[in-house]
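Student: The whole structure should be built from the sequences, with the hints applied where relevant.
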Amino acid sequence: MPLVFTLALRNLFHDRLRFIATIIGIVFSIVLVMVQMGLYLGFGHMVTTMIDHASADLWIMPKGTKCFEDPSLLNMRDRYRALSTGGVAEAIPLVIGFADWRMASGEMTPVFIVGSDLRAGGLEPWNVVEGRVEALSGSKAVAVDSSYFNRLGVSGIGSSAEIRQQPVHVAAVTSGIRSFTTTPFVFVDIDRARAYTGVPSTKASYLLVRLNPQANRDQERRDLASNIPDVEVLTPAEFRERSRKFWLFGTGAGAALFAGALLGVIVGTVIVAQTLYSSTKEHLNEFATLRAIGSSKRYIYKVIVCQALLSAVLGFSIAALLGDIVVRLTQATALPILITPSLLVGLLLLTVIMCVGSSIAAIIQVTRIDPAMAFTR
Amino acid sequence: MSEPLLEAVDVAKDLGSGAAKVAALKGVSLSLNGGELTLLMGPSGSGKTTLLSVLGCMLTPCGGMVRICGQSTAGLNPEEMARLRRQHVGFVFQSFHLFPTLSASDNVRLALDVRGNPAWAARKRSKAALATVGLAHKTKTFPRELSGGEQQRVAIARAIVGNPSVILADEPTAALDGDNGRAIMKILAQIAREPGRAVLIVTHDPRLLPFADRIVHIEDGRITGEERDKTHTAEA
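If you read the sequences in order, they're chains U and X.
The numbers in the first sequence follow the numbering used here, run straight up by one, and end at 377.
The numbers in the second sequence follow the numbering used here, run straight up by one, and end at 1236.
Just so you know, these hints were derived from the structure itself, not from any lab.
One or more of the hints may lead you astray.
Claimed, not checked - In silico DSS-like cross-links for lysine-lysine, where the CA-CA straight-line distance does not exceed 30 Å:
id: 1; chain 1: X; residue 1: K1138; chain 2: X; residue 2: K1127
id: 2; chain 1: U; residue 1: K302; chain 2: X; residue 2: K1021
id: 3; chain 1: X; residue 1: K1127; chain 2: U; residue 2: K302
id: 4; chain 1: X; residue 1: K1140; chain 2: X; residue 2: K1186
id: 5; chain 1: X; residue 1: K1124; chain 2: U; residue 2: K297
id: 6; chain 1: U; residue 1: K302; chain 2: U; residue 2: K203
id: 7; chain 1: X; residue 1: K1124; chain 2: X; residue 2: K1140
id: 8; chain 1: U; residue 1: K281; chain 2: U; residue 2: K66
id: 9; chain 1: X; residue 1: K1021; chain 2: U; residue 2: K297
id: 10; chain 1: U; residue 1: K281; chain 2: U; residue 2: K245
id: 11; chain 1: X; residue 1: K1186; chain 2: X; residue 2: K1138
id: 12; chain 1: U; residue 1: K297; chain 2: X; residue 2: K1127
id: 13; chain 1: X; residue 1: K1138; chain 2: X; residue 2: K1124
id: 14; chain 1: U; residue 1: K281; chain 2: X; residue 2: K1186
id: 15; chain 1: X; residue 1: K1021; chain 2: U; residue 2: K281
id: 16; chain 1: X; residue 1: K1186; chain 2: X; residue 2: K1124
id: 17; chain 1: U; residue 1: K63; chain 2: U; residue 2: K302
id: 18; chain 1: U; residue 1: K281; chain 2: U; residue 2: K302
id: 19; chain 1: X; residue 1: K1127; chain 2: X; residue 2: K1186
id: 20; chain 1: U; residue 1: K302; chain 2: X; residue 2: K1186
id: 21; chain 1: U; residue 1: K203; chain 2: U; residue 2: K63
id: 22; chain 1: X; residue 1: K1138; chain 2: U; residue 2: K302
id: 23; chain 1: U; residue 1: K297; chain 2: U; residue 2: K281
id: 24; chain 1: U; residue 1: K302; chain 2: U; residue 2: K66
id: 25; chain 1: X; residue 1: K1186; chain 2: U; residue 2: K297
id: 26; chain 1: X; residue 1: K1140; chain 2: X; residue 2: K1127
Tutor: Structural data, given as C-alpha cells:
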C-alpha cells in the first residue's frame, strides 16, 4: 500500500468520531442529492408514461399543447386530412380527460380517462394482470390499475361503479400504471371515453399517426404540418421532451428538486471542507515535519486529496446502499424514485468533486506551513 | 583540506517585522566537515535554532551565503529549498516529531517516500536504518509503544535513511534521561564517523561535550568561540 495512502487513511481514522461525522455528512448529502435527482428522473419518466406506451410514429395535437394531459381538442376532420397524406397508414384518434368516478358506496373521486380505438391499438392498457384488453370492447367495460383499488372502491374484475352517472364494471386490471397527479387512469374504448369526458364525436385529443414502412418520417411530418392547419406534429421524443419540460420546469417542480439537490451538495461540501480543514490543522505539526524532511508541497497535497477521496468513496458506497433501499421503498408509491446507472456514475463523480473541492481550504492552510515549525514545537 | 559539506559565510537573519524585528543572526560564519560531530552551544535566545533553520535550508538568510554540498541556497524558492533538504540534510528534533499513526518502519520509510524511492527499496532501507540504531526488532511498533529513547532512535533512523551529507539535530537528548541521552549521543557520534557526513547538534547540555569533535559557541546571534576536542571518546 503506498505510504501516502496509509498516512491519509490513518489520519482519517485517527479521530474516529470526526471521521464518522464526516461520513454521515457525505452520506446525508449524497442521499439527498440522489433522492432529489431520483425524484426528478422518476417524475420525468412518469409524466411521459402514456407517450412511452403509445404506438405512434407521430403525434398530431392542437397547437400549443403543453403536455399529454392538456385538455385542448382537435377536429376529427384533421384525421381525414392526415390519412390523405402520402405515407400515413393510420391516424388513430385518442380521447383523454378528467371525469368523476362514483363508487358503489356513493363516494366520488376524479379519474383520468384514456380512450382509444381498441381495434387499432393506439394506446391500450399494458401490464394487464387480470382480464384481457379485448374485454374493454364490451359494454361498460373499463380497465383500472390494482394500486388504485382502494381509491376507486373496487376489488378486481367485475367490480362496479359509475362514471358521469353511467354504470361501468372493471373488465381488466393493470399493475404499475400510476399517475404522478395521483388521479387514477381509467382505460376505455374511445366511444365511451367521449361519453365520460363530454368530448363530442367531431373532436379528439390527439391523433396517433402510424406511417407506412417505406415512408420518410421527417418528410411526412412536414407534409402533415402543411396539410393540416392549427396543429402541431411531433415525434414521440419531442412530445416526451415537451411534457417533461412543462411539468418539471413550467410548474417549478424541477427547480424545487434541483434546489434540494444543490442544498445537498452545499451541505456535503461544507461538512467535508470543515472536517478536512480541522484534520489538517490537527496534523499541522506532522505536515510541518514532512516539509522539514524535504517533502514537496505536492506530496502533502496528495495526502490531503487522498483523505478526501477515501471519504468520498466510503461515503458514496454507503449512500448508494441507502439509495437502493429508498428505491425499493418507493417502487410502489405514486412517485417512484428512479436511479439509473448514469445517475450513479454522475453522483460518484459529484461526490469526488465535492470532496476534493472541499480539500482546497486545507490545502491553502498547508501551503502556509513553515517547515521551521518543526524546531519550535 | 576537502571542501566543507555545509558552509555558512557571514549569515544574517532578522526575525519578525516592524517594531518587533529582531536580528537573530549577525554575521555568522560556520563550516561543517565530513567525519565531524559539532556541538553548537549557547544560552536560550542566542540564535541556535535560527542558525539550525538557516543551515537546514528552512529559512532564507537576509544576508551572507549558505552552501550545502557545494550548492548555494541563494535565490532558491521554497520548493527548491525542500529539494536541497531531502537530498542533503537529515533532521533530528527535540520532540522526535514521529507520526503517531505510523509504525516505526513507516516513519522511517516516509523520509524515502518523500524522495520518491520505490516502496520495496524503501522498506529494505528503513529496516536497515532501524537496525543501525538498534531497533531491528521494533519495526512494526507504533511510537506510543516506544520509550522516549526508542522514539528518538527511530527519528535518527529517519534522518539517516536517505543517506544525507549533513545531520542537524536540535537538542536531541533534551527530552531524555541520562542513560537514554548517552545512548542517543553514541549513535550520533557513530554516524558522524563516516567521512562523508557531518553532524551538527544544538544543545546546552554539558553532558554531551565528551562526544564532540568540535564545540562552537554562539551568543546574541554571533559565534563567540570554537574549541576542538580530539580527546573525546564515543564510549563516554
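Student: For each hint, tell me whether it holds in the structure or not.
Tutor: Hint check results:
Distance check on the hinted pair: K1138(X) and K1127(X) sit about 9 Å apart at the alpha-carbon level, within 30 Å; holds. For the given pair, K302(U) sits about 36 Å from K1021(X) by alpha-carbon distance, which is inconsistent with the 30 Å threshold. In summary, the hint linking K1127(X) to K302(U) is supported, as the alpha carbons are separated by about 25 Å, within the 30 Å threshold. The hinted pair formed by K1140(X) and K1186(X) meets the criterion: a straight-line CA distance of about 24 Å does not exceed 30 Å.
Between the alpha carbons of K1124(X) and K297(U) the distance comes to roughly 26 Å, so the proposed pair stays at or under 30 Å and holds. In summary, the hint linking K302(U) to K203(U) is not supported, as the alpha carbons are separated by about 69 Å, beyond the 30 Å threshold. For the given pair, K1124(X) sits about 13 Å from K1140(X) by alpha-carbon distance, which is consistent with the 30 Å threshold. Taking the CA atoms of K281(U) and K66(U), the gap is about 55 Å. The hint is violated against a cut of 30 Å.
Between K1021(X) and K297(U) the alpha-carbon distance is near 28 Å, which keeps this suggested pair within the 30 Å criterion. Pair hint K281(U) plus K245(U) does not hold up; C-alpha atoms about 47 Å apart against a cutoff of 30 Å. Between K1186(X) and K1138(X), the direct Cα distance comes to roughly 20 Å. Compliance with the 30 Å bound is thereby established for this hinted pair. The straight-line distance between the Cα atoms of K297(U) and K1127(X) is roughly 27 Å, inside the 30 Å bound, and the hint therefore holds.
Proposed proximity of K1138(X) and K1124(X) is supported: the alpha carbons are some 14 Å apart, at most 30 Å. Distance check on the hinted pair: K281(U) and K1186(X) sit about 36 Å apart at the alpha-carbon level, beyond 30 Å; violated. Straight-line distance between C-alpha atoms of K1021(X) and K281(U) comes to about 27 Å, which keeps the hinted pair within the 30 Å bound. Taking the CA atoms of K1186(X) and K1124(X), the gap is near 24 Å; set against the 30 Å cutoff, the hint holds.
The suggested pairing of K63(U) with K302(U) is violated, with an alpha-carbon distance near 59 Å, which exceeds 30 Å. Taken as a hint, the K281(U) and K302(U) pair is honoured in the structure, with Cα atoms around 16 Å apart against an allowance of 30 Å. Restraint check for K1127(X) and K1186(X): the C-alpha separation of about 20 Å stays at or below 30 Å, so the hint holds. Only pairs whose Cα atoms come within 30 Å are accepted, and K302(U) paired with K1186(X) is rejected, the gap being roughly 37 Å.
A threshold of 30 Å between alpha carbons decides the hint, and for K203(U) with K63(U) the separation of about 14 Å falls inside it, so the pair holds. This hinted pair checks out: K1138(X) and K302(U) have alpha carbons roughly 28 Å apart, not beyond 30 Å. Pair hint K297(U) plus K281(U) holds up; C-alpha atoms about 16 Å apart against a cutoff of 30 Å. A threshold of 30 Å between alpha carbons decides the hint, and for K302(U) with K66(U) the separation of about 52 Å lies outside it, so the pair is violated.
Restraint check for K1186(X) and K297(U): the C-alpha separation of about 34 Å exceeds 30 Å, so the hint is violated. Straight-line distance between C-alpha atoms of K1140(X) and K1127(X) comes to about 10 Å, which keeps the hinted pair within the 30 Å bound.
Checked against the numbered hints above, the structure violates hints 2, 6, 8, 10, 14, 17, 20, 24, 25; every other hint is satisfied.
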